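Enquirer: Construct all of the structure, not just a fragment, from the sequences and the given hints.
Here the protein sequences line up with chains A and B, keeping their order. If you're matching positions, the first sequence starts at 4 in our numbering and goes up one per residue. If you're matching positions, the second sequence starts at 4 in our numbering and goes up one per residue.
Among the hints, a few may not be true.
[Unchecked claim] Here are the simulated distance ranges between beta carbons:
# : chain 1 : residue 1 : chain 2 : residue 2 : range
1 : B       : 169       : A       : 117       : 50 to 56 Å
2 : B       : 128       : A       : 168       : 38 to 44 Å
3 : A       : 188       : B       : 128       : 46 to 52 Å
4 : A       : 150       : B       : 38        : 42 to 48 Å
5 : A       : 168       : B       : 156       : 54 to 60 Å
6 : A       : 128       : B       : 13        : 44 to 50 Å
7 : A       : 10        : B       : 199       : 25 to 31 Å
[As the list claims (entries may be wrong)] Partial list, derived from the structure: chain A residues whose beta carbon lies under 7 Å from chain B:
#  : residue
8  : 141
9  : 219
10 : 222
11 : 236
12 : 239
13 : 241
Think of the hints as simulated: they come from the structure by calculation, not from any bench. Note that the structure is a prediction, hence the values are computed from the model and not measured. In this text, a Cβ means the ideal position worked out from N, Cα and C, and glycines have one as well.
Protein chains: 2
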Amino acid sequence: MNIILLKPEEIDGNDSVVLSDQRFNHIKTIHQSVAGDSVRIGKLNGKIGTGTITFIDEHGVTMDVCFDQTPPKKLPLTVILALPRPKMIRRIFRSISELGVSELIVINSYKVEKSFWNSPILEDEKIEEYLIAGLQQAKDTIMPTVSFKRLFKPFVEDELPGIIANTQALIAHPNTGDPCPANLNQSVTLAIGPEGGFTDYEVNKFFEAGFKSIHLGSRILRVENALTALTSRLFSPY
Amino acid sequence: MNIILLKPEEIDGNDSVVLSDQRFNHIKTIHQSVAGDSVRIGKLNGKIGTGTITFIDEHGVTMDVCFDQTPPKKLPLTVILALPRPKMIRRIFRSISELGVSELIVINSYKVEKSFWNSPILEDEKIEEYLIAGLQQAKDTIMPTVSFKRLFKPFVEDELPGIIANTQALIAHPNTGDPCPANLNQSVTLAIGPEGGFTDYEVNKFFEAGFKSIHLGSRILRVENALTALTSRLFSPY
Chain A
4 MNIILLKPEE IDGNDSVVLS DQRFNHIKTI HQSVAGDSVR IGKLNGKIGT
54 GTITFIDEHG VTMDVCFDQT PPKKLPLTVI LALPRPKMIR RIFRSISELG
104 VSELIVINSY KVEKSFWNSP ILEDEKIEEY LIAGLQQAKD TIMPTVSFKR
154 LFKPFVEDEL PGIIANTQAL IAHPNTGDPC PANLNQSVTL AIGPEGGFTD
204 YEVNKFFEAG FKSIHLGSRI LRVENALTAL TSRLFSPY
Chain B
4 MNIILLKPEE IDGNDSVVLS DQRFNHIKTI HQSVAGDSVR IGKLNGKIGT
54 GTITFIDEHG VTMDVCFDQT PPKKLPLTVI LALPRPKMIR RIFRSISELG
104 VSELIVINSY KVEKSFWNSP ILEDEKIEEY LIAGLQQAKD TIMPTVSFKR
154 LFKPFVEDEL PGIIANTQAL IAHPNTGDPC PANLNQSVTL AIGPEGGFTD
204 YEVNKFFEAG FKSIHLGSRI LRVENALTAL TSRLFSPY
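Expert: Structure follows, in structure tokens:
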């Protein structure tokens, strides 16, 4: 947690905030902060800045807050991701916001087990929690846009052409296409399949929509490593 | 598990192997293989090839094995990593072998809690298990070299100069140095700090030894994402 994220409604009219949840625990036990200390904070979907502790005891912390810096820029990147297995969701969603992905579209795919769509881990509150964890790691405040598309064919046929307009549309698919390029200077739409990969039918639908395939070499990476590896290559550090 | 790894001593003189552990479970329940089917296999520290199932029931599987292909090349990369917190060890060691790192040297650092060194997760058997999991994901067979250095100063002063000879020596340190380069064509020694980073004293010891600092931009990534992001940028897909 490299910044403490605050929701706008948590900040009162005097630019003061009272915390007693796990963010307080972090300030109290990890930072071991005392009154007068300052901590890095951010306003969700707003600026980052400084919180000055005016009071802290074993129950909570009160801070005066000031937001004066812009958060890191987002990557010009939309990720289209086959729904991962539930136990991977937390890590992957946290990485999405940590890496600075602007938009995530989670889609169905033949190799996605139907039961995954009913996982309680996909509740809005959980997803928000994981995304905020990634933002707090990366000192970012801006939530990525996240949507879910349970029907593959209508998505790729009807929605995908609009999504990829004015972007470089790439599908990560082992053993095909070109090596993943480095340091692109344009917006990218990047499709990543499920464990076991997209089917040939699905890959062809992406090709029909205008995608080109790229690969990361002869090693097959787990989805969460592929996401980080691809993102890190596609854009230079910023 | 994209290949099933076998230890040489598991293969009998007739090039046959019997499995009844989690590798058998994988063949039985994930692949749902039957007699006559073939599975991708590898010999630990040897070649990859094909196993042909001659018998399978609810207790185990028997395969005829043949090894005829070379595994993916390793990256010319030595990673020097501050000991991660125990709950991250599994994922990070799995990624080390999955990504193709040749050598891992785990070191102490001021911000590494002393208790981490006593974690039961650092037992040889556990470490081997995590490394093998990464190899099986990446269809690799060659175990990376792993060593542990509990004394920072003797390591950086006495051992490091020999380790980095004829390599590009880079230390990942946020907000300093150059952006992480892409697609290098030489061997690299890459140092990655603990959560919270190396101290100034430690960074200076690396500088004295000949390291240059690189960064991944304004976002602070978790160690496991930094490892994947750095590795993916430094070498082109191979």
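Enquirer: So, for every hint listed, does it hold in this structure?
Expert: A quick look at each hint next to the structure:
Checked against the given bound of 50 to 56 Å, the beta carbons of residue 169 of chain B and residue 117 of chain A, roughly 53 Å apart, stay inside it. Roughly 53 Å separates the CB atoms of residue 128 of chain B and residue 168 of chain A, a value that falls outside the hinted 38 to 44 Å. Range check, residue 188 of chain A to residue 128 of chain B: about 48 Å between beta-carbon atoms, so the 46 to 52 Å window is met. Range check, residue 150 of chain A to residue 38 of chain B: Cβ separation about 45 Å, and the 42 to 48 Å hint holds.
The given range of 54 to 60 Å is respected by residue 168 of chain A and residue 156 of chain B, whose C-beta atoms sit roughly 57 Å from each other. The hint said 44 to 50 Å for the Cβ distance between residue 128 of chain A and residue 13 of chain B, and at roughly 47 Å that hint holds. Roughly 26 Å separates the CB atoms of residue 10 of chain A and residue 199 of chain B, a value that falls within the hinted 25 to 31 Å. A least Cβ separation of about 4 Å between residue 141 of chain A and chain B falls short of the 7 Å threshold, and the interface hint therefore holds.
Annotation: interface hint on residue 219 of chain A holds; nearest CB of chain B at approximately 5 Å, less than 7 Å. Because the smallest distance between the Cβ of residue 222 of chain A and any Cβ of chain B comes to about 4 Å, under 7 Å, the interface hint for this residue holds. Residue-level restraint check for residue 236 of chain A holds (minimum Cβ-Cβ distance to chain B is 5 Å; threshold 7 Å). Given hint, residue 239 of chain A at the interface with chain B, holds; its Cβ is 6 Å from that chain's nearest Cβ, closer than 7 Å.
Look at residue 241 of chain A: its Cβ gets to within about 5 Å of chain B, closer than 7 Å, so that hint holds up.
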